[in-house]
Amino acid sequence: MAENRTWGFFFMVKLLSLCLIFRLTGSQSPPAYWNAAHATFYGDMNGTETMMGACGYGDLIKQGYGLETTALSTALFNNGLTCGACFEIRCYDSVQWCLNDTIIVTATNFCPPNYSKPEGNWCNPPLQHFDLSQPMFRKIAVYRAGIVPVLYRRVPCVKSGGVKFKINGNQYWILILVYNVAGAGDVVDVKIKGSSTSWIQMSRNWGQNWQTSANLIGQSLSFQVTTSDGKMVQSDDVAPADWKFGGVYEGKQF
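According to mature numbering (1 follows the signal peptide of the UniProt record, and there is no 0), the sequence shown holds residues -27 to -1, 1 to 227 in order.
By construction, these hints were calculated from the structure, which means they are not laboratory data. None of these values were measured; they are calculated from a predicted model. Glycine included, C-beta positions come from ideal geometry on N, C-alpha and C. Incorrect hints may appear among the rest.
[Stated by the list, open to error] In silico BS3-like links for lysine-lysine, alpha-carbon gap of 27 Å or less:
(1) 112 to 164
(2) 204 to 164
(3) 166 to 225
(4) 166 to 137
(5) 204 to 139
(6) 137 to 35
(7) 137 to 204
(8) 139 to 112
(9) 225 to 35
[Unchecked claim] Pairwise CB distance ranges (calculated):
(10) 117 to 77: 50 to 56 Å
(11) 188 to 162: 18 to 24 Å
(12) 75 to 168: 42 to 48 Å
(13) 213 to 179: 26 to 32 Å
(14) 34 to 128: 20 to 26 Å
(15) 126 to 169: 42 to 48 Å
(16) 88 to 169: 23 to 29 Å
(17) 143 to 85: 17 to 23 Å
(18) 34 to 171: 33 to 39 Å
(19) 35 to 209: 23 to 29 Å
Sequences and hints are given; from them, build the entire structure.
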């Protein structure tokens, strides 16, 4: 009888263990797919060299991006359309150089190719490469490594406040820098509307700068912003009728 009770006890323990494993694994979705790439860094720990990049954001500290940023190789930059997208990155496959941490960075710059050297051109197509700010690189890898293999994946951007619109240009040409975009982060379409006009399609000039030749001076301005996942946010009367060139106006957020 004692032996039967012992076997019964072990059977119950085994059954409860299997149930626990089933609950833990069944309640979690499979991990998202990670892609392989490499990462380097540029600039110093203050991030001075990372400002005023190819996406047009300017002062990344003032604009809310901080130093959690990266430049992208040609294969990832997509001619500027990936500007504003967010990536989770971790070092892997290098016990000597990898640190046990992950980072989330926003794409704010371009790592240009160099076809003049036969090797070591990490930003040349078709290579997928991240040129991180130095503070971000040193979170995932030892500084002396210089370059490390990484895994990366796209993640939703988390931003504070609404989408920002900086108005540049003149009376004949309006250039709108769209930044601080949450969600997918990378803007693929912008429309503008004056208080006396219908919706006007804007074209992308460079980075995340969008332009129109419509004369909208003296009209309040509304915007429709669409990101790469197809979501659109409409912000009505973001800029008042007396808006100024150089002014920054805040709309709704994704």
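Hint-by-hint comparison with the structure:
{"no.": "1", "hint": "112 to 164", "in the structure": "violated, 39 Å"}
{"no.": "2", "hint": "204 to 164", "in the structure": "holds, 14 Å"}
{"no.": "3", "hint": "166 to 225", "in the structure": "holds, 15 Å"}
{"no.": "4", "hint": "166 to 137", "in the structure": "holds, 16 Å"}
{"no.": "5", "hint": "204 to 139", "in the structure": "holds, 21 Å"}
{"no.": "6", "hint": "137 to 35", "in the structure": "holds, 12 Å"}
{"no.": "7", "hint": "137 to 204", "in the structure": "holds, 17 Å"}
{"no.": "8", "hint": "139 to 112", "in the structure": "violated, 32 Å"}
{"no.": "9", "hint": "225 to 35", "in the structure": "holds, 19 Å"}
{"no.": "10", "hint": "117 to 77: 50 to 56 Å", "in the structure": "violated, 24 Å"}
{"no.": "11", "hint": "188 to 162: 18 to 24 Å", "in the structure": "holds, 22 Å"}
{"no.": "12", "hint": "75 to 168: 42 to 48 Å", "in the structure": "holds, 46 Å"}
{"no.": "13", "hint": "213 to 179: 26 to 32 Å", "in the structure": "holds, 27 Å"}
{"no.": "14", "hint": "34 to 128: 20 to 26 Å", "in the structure": "holds, 22 Å"}
{"no.": "15", "hint": "126 to 169: 42 to 48 Å", "in the structure": "holds, 45 Å"}
{"no.": "16", "hint": "88 to 169: 23 to 29 Å", "in the structure": "violated, 50 Å"}
{"no.": "17", "hint": "143 to 85: 17 to 23 Å", "in the structure": "violated, 30 Å"}
{"no.": "18", "hint": "34 to 171: 33 to 39 Å", "in the structure": "holds, 38 Å"}
{"no.": "19", "hint": "35 to 209: 23 to 29 Å", "in the structure": "holds, 26 Å"}
This entry does not satisfy hints 1, 8, 10, 16 and 17, going by the numbered hints stated previously.
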